[in-house]
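Given chain A's structure and the hints, the job is docking chain B with the ligands onto it.
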Amino acid sequence: MLPNYASPVEKLWYWTFRLLCVLVLVFLMSPLLAIIPLSFSADSFLVYPIKSFSWRWYAEFFGNGEWMHSLKNSFIVAPAATVLATVLGTLAAVGLTSANFPGKSLLMPVLISPMVVPVVIVGVGAYLFFSPLGLTNNYLGLILVHAALGVPFVVITVSATLSGFNTSLIKASASLGASPLLTFRKVVLPLIAPGVVSGALFAFTTSFDEVVVTLFLAGPEQVTLPRQMFSGIKENISPAIAAAAAVLILFSTALLLTLEWLRGRSERIRTAKA
Amino acid sequence: MPEVVPDNDVLVSFRGVQKSYDGESLIVKHLDLDIQKGEFLTLLGPSGSGKTTCLMMLAGFETPTHGEIRLNGALLNHVPPHKRNIGMVFQNYALFPHMTVGENLAYPLKIRNFSKSDVDAKVLHALSMVKLEKLAHRYPAQLSGGQQQRVALARALVFSPQLVLMDEPLGALDKQLREHMQMEIKHIHDSLGVTVVYVTHDQGEALTMSNRVAVFKDGIIQQIDSAYTLYEAPSNSFVASFIGENNTLEGEVLSLQDGFCHVKLGDGVGLKAKAVCADKAGARTTMSIRPERVRLNGASEQCANRFTGKLQEFIYFGDHVRLRMEVAGNAGFIVKVPVSELDGSWSVGDSIALGWNPEDIRALDPLHP
Ligand SMILES: Nc1ncnc2c1ncn2[C@@H]1O[C@H](COP(=O)(O)OP(=O)(O)OP(=O)(O)O)[C@@H](O)[C@H]1O
Ligand SMILES: [Mg+2]
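Chains A and B are the protein sequences, given in the same order. Here this note's numbering is used: the first residue of the first sequence is 32, the next is one more, and so on. Here this note's numbering is used: the first residue of the second sequence is 623, the next is one more, and so on.
Hint data in this document are derived by calculation from the structure and do not stem from the laboratory. Treat the hints loosely; a few may be bogus.
Selected chain A positions facing chain B (in silico; Cβ < 7 angstroms) [stated by the list, open to error]:
hint : residue
1    : THR198
2    : ALA205
3    : SER206
4    : LEU207
5    : ARG216
6    : VAL218
7    : PRO221
Heads up, the beta-carbon is just placed ideally off N, CA and C, and yes, glycines get one too.
Bound conformation, chain A alone (with noise of 0.2 angstroms):
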């Protein structure tokens, strides 16, 4: 709140600054707003003003068998990407943070550098690479290098809570009786946990959300749901894409609230005071 004393030109700005906030977040949520209340719409084109409300867009998007298989699909690679990121990446920061060896400054750019190339370059790149290997249109080739793009995230995320890590908790669970590999999931993982979640959440997101690699490794079988949404526009705008993000954005959001809240709890037990 104001205090009494705030002059003119104080109160002005704390309304102006209050306002600029609000518009801020009104332009971050806009394409949301756009395009949720038009997977309602009964009528057959992606256009405002909807006429009358109806659920036919959703059933056609469950109802039917290529949306359906996009769908799958996501919830092969995404997951799969996830895992294979999470614990490349949760190795790679834990490996840079506590060992200590000539060229470790270098290893670093290398291993966000799938963050800094443009993800067109990483298409073309592996598929010029995966090819000859029989590494296009199939799952593995896919799976691999959504989790490359993922891995920068769970790198830098893990990073950043292993450096305010105490090492000497390490030591004391020795000094117990805990061999490094026990050590590592019952002090170093729980405590790090935070990190590990937001980086996985990230790579997910990344796998989930992307297009261009898809576009070049993934055949007719492969086929994810931004994939297929991307035809789907080119082809014909159906309001089923409407639909399709609408899903895609639920569960998105359900995904973080349920990680941000488990993470909020795990955080508020270690530095709860009395």
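Using the frame of chain A, we list chain B with the ligands on its own:
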């Protein structure tokens, strides 16, 4: 008064141990040390003298560059830390923040596959030892510093290790709590009979708690003895100046006889002192005498060494008074007098007769060669 080591069996032995972190300078220069079973041994020394390094080598977190360490006769050099069965208390407690107090204590027991009922009983017993039974369900962040320290202590003892290492465990506590915990640790040591190696740079702590104290300097043990011997019979001038308060006089050895020596001070005055390090006539020596061994006025008349001191300052300490005097050209000479023996007629600037016995002043190695 010197304390006797309870058991003569050796638990830990260091033989010719050296440690260098960078391959050039030796942090631990040469360590030969036997730690007796049931002993409370303190490593005392100034910052950077290699105390923590020695402890870490024993715990297995650092490897000796040379030499061997044995536990119960078995070579430790290639045993990883988690297989050594040595308890450890860290300065910053190192409690697992995501586990409750009870879970922290159960951790080493579960690793050792104790049954659920054994775990519960041992945890409860360890908690009652440090008087924290009621806090088993709290998280470490919900405890005060002193309580966390007790949990750390209980956790290091709960799996009944033969040996417990403590690296400045009380460093973060305030003075009163620290003194209380010193007594508590001492009592726990006495009742369990566990061997403790304790690191501190607080000499009061070292003297009150230990069976033996090893005084470190520059990676070498200067002297290892009971608190009484260290204080009353320091074997070199570093130990004399590091432990307790101490007056020093510089001089040159004139002659040696029957363990005593005659020394000429800078201003030509002679005195007789116990020859500890002084081994030949003509050598320089630093002599050390404790402030409470100096006698004043009438009491000084039977002493072999007699001087006149010029009173410069009274310093009041409640139970005693320290007199700062100039003696034989030495301005910082301190004499400790119980309040009851104070003479009301003394005032700053007076000359007072003082003296001490030859066995109370020790001729040691020269502090400034
Ligand atoms: N990991 C390390 N790498 C390099 N040098 C180290 C390392 N650990 C300690 N040293 C050096 O070894 C010397 C002794 O350190 P150590 O920690 O054993 O001293 P200490 O006696 O415990 O001192 P303090 O009372 O300050 O804790 C110091 O000069 C320190 O800089
Ligand atoms: Mg230390």
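How the hints compare with the structure:
no., hint, in the structure
1, THR198, "violated (9 angstroms)"
2, ALA205, "holds (4 angstroms)"
3, SER206, "holds (4 angstroms)"
4, LEU207, "holds (4 angstroms)"
5, ARG216, "violated (12 angstroms)"
6, VAL218, "holds (6 angstroms)"
7, PRO221, "holds (5 angstroms)"
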